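*Asks:* These protein sequence lines are chains A and B, in that order. Residue 147 in numbering that gives the first Met the number 0 is what sits at position 148 of the first sequence, and the numbering runs on without skipping anything. Residue 120 in numbering that gives the first Met the number 0 is what sits at position 121 of the second sequence, and the numbering runs on without skipping anything.
No lab work stands behind these hints: they were computed from the structure. Treat the numbers as computed from the prediction; the structure is a model and nothing was measured. Positions of the beta carbon are idealized from the N, C-alpha and C atoms, including for glycine. Don't take every hint at face value.
With the Cβ distance kept under 7 Å, some of the chain A side facing chain B (calculated, not the full set) [said to hold, decoys possible]:
1) 22
2) 26
3) 31
4) 44
5) 47
6) 48
7) 217
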Amino acid sequence: MREIMADLLKEIEEQIAGAKATTIRQNVGVIREVGDGVARVEGLSDAMLNEMLDLGHCITGLALNLEETEVGAIILGDFTQLEEGDEVRTTGKLLQVPVGKGLLGRVVNTLGEPLDEKGPVESDVAYPVEKIAPGIIRRSPVRQPVQTGIMAIDAMIPIGRGQRELIIGDRSTGKTTICIDTIISQARLNRAAEAAGDKDYRPLYCIYVAIGQKQSNVARIITILEQAGAMPYTIIVASPASDSATNQYLAPFAGAAMGEWFMDSGMDALIIFDDLSKHAVAYRQVSLVLKRPSGREAYPGDVFYLHSRLLERAARVGEKYGNGSLTALPIIETQAGDVSAYIPTTSSQSRMDRSIWKRICSIRASDRPSRSAFRYPVLVQRRSPRR
Amino acid sequence: MKTTKEAKREAKQLYRLCFVNGKLDQARVRQVVGGMIHSRHRGYLTVLRYFQQLVKLECARHTATIDSAVMLPTGLQNRVLAGLERAYGPGIAAIFGRNPALIGGIRIQVGSDVFDGSVRSELIALEKRFGIVSANGRNANRPGR
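One chain only, chain A, in its complex shape (with noise of 0.2 Å):
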């Protein structure tokens, strides 16, 4: 005993000899001005474009602004915490979010958080929310078809796996409807193949991004969902009307990082981005309280690069590469049909009418084919409808 004892106090004298003091480097600024959701710190002279900055209290902050002699930044969380003074730190990441099979039948928040109340998201990769594109060489042609349900679509304007495709139209005119029946419609496809046992068949998971809506209209389209068995397929990511614009400028880039790891894993993902218009006013509010330079209905000069970058992700990648792809369907809505106004004018649209909703409700679509400008018509179509 007073050996095993000997031995136990001399393995531990040996620990403490070895233990080193270890010294923490790190790059602190102090905040000089909060609010709206912003902050204004001053120092943190190494920190980079969009890392993550610890801003105390468990609140995570994004250095969206680098000043000469300060940094502006969005925070994610309650900054009506936040003091003047407070002590900011630089991490050394970028945003990152959980991605993976995990979040399937999840409703998140911004940051991948569960709001769903099952429990923590099962996840162990991120993936940062901004990303640059896939570029030319890893991409390749779209070819296969998503097959929304809806004969309208699939026949006279297909939609690829990998395409972008623009939902445009005035408030009620079933935009969202089409989305929401898209994914009730793979989720069908994608039971079916199960049952089948086919394992040729590709699976499409959904991912449904929810912009500044009212919760009222998150929580029905959930329920719709979760009766028609999809949400097994489906991420829901909510950034609702009352969540801050920070985390609504963030949303879309979180559910394009969750549906890129399928993509990269050579699996296929279908996205819907519901909608753009709030987005691009969100972004438009965080730029404002930035102080960034305004332009043209005060949306910043870069809120195009900002949903050109976004909708970029989109991309069915060559067979060397996995093979996957991530098609995005954003949405875009619009003020008394003006298709032509600052935000609305994006290539690739399928434009909803509510007259034509009105006459052709029977085959549940309003698309307006005369007025519609598509990439890939033919190439990603079935014979089936080509006939």
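Fit chain B to the known structure of chain A by using the hints.
*Replies:* Same frame as chain A, now just chain B:
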């Protein structure tokens, strides 16, 4: 008071004029401030405020604040200063202070760089590793708390 682009540009020009051989010259800084106050041209206060901010940051970049739980002996102070001059170049002004909240070890801040080897920081790191949030949720390392 809103700092306009013009005010910032003017303050930066004045700030650049205050450098002699790559170092901020105190006499020139005083001359600039005196001249601006004397001239009282339009928006001179905004320019001076931004100028003050730039000078403050430059001073912070060349000032080391060294805190320890007990006052360091002179020999150790000289060694710390020599080490800092090796890392940041000569001309570092050192301010040695006593902060019992650190419990032990030393905390050095030069500009926005912090080298924290205090017992307090180790405890905070340990706290974070265990996922414990302090009762008041405050940052214990913040000076003056």
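*Asks:* Given residue 44 of chain A as an interface hint, is the shortest Cβ-Cβ distance to chain B below 7 Å?
*Replies:* holds, 5 Å
*Asks:* Tell me if the interface restraint on residue 217 of chain A is satisfied: Cβ within less than 7 Å of some Cβ in chain B.
*Replies:* Residue 217 of chain A check fails; min Cβ-Cβ to chain B is 29 Å, beyond 7 Å.
*Asks:* Verify the interface restraint on residue 48 of chain A: the C-beta must sit less than 7 Å from at least one C-beta of chain B.
*Replies:* violated, 17 Å
*Asks:* Under the criterion of a CB-CB separation shorter than 7 Å, is residue 47 of chain A in contact with chain B as hinted?
*Replies:* violated, 14 Å
*Asks:* Can you verify the interface hint for residue 26 of chain A: is its Cβ closer than 7 Å to any Cβ in chain B?
*Replies:* Nearest chain B Cβ about 5 Å off; hint holds.
*Asks:* Mind checking the CB of residue 31 of chain A against every CB in chain B and telling me if the closest is under 7 Å?
*Replies:* violated, 10 Å
*Asks:* Tell me if the interface restraint on residue 22 of chain A is satisfied: Cβ within less than 7 Å of some Cβ in chain B.
*Replies:* holds, 4 Å
Going through the hint list in order, the structure does not satisfy hints 3, 5, 6, 7.
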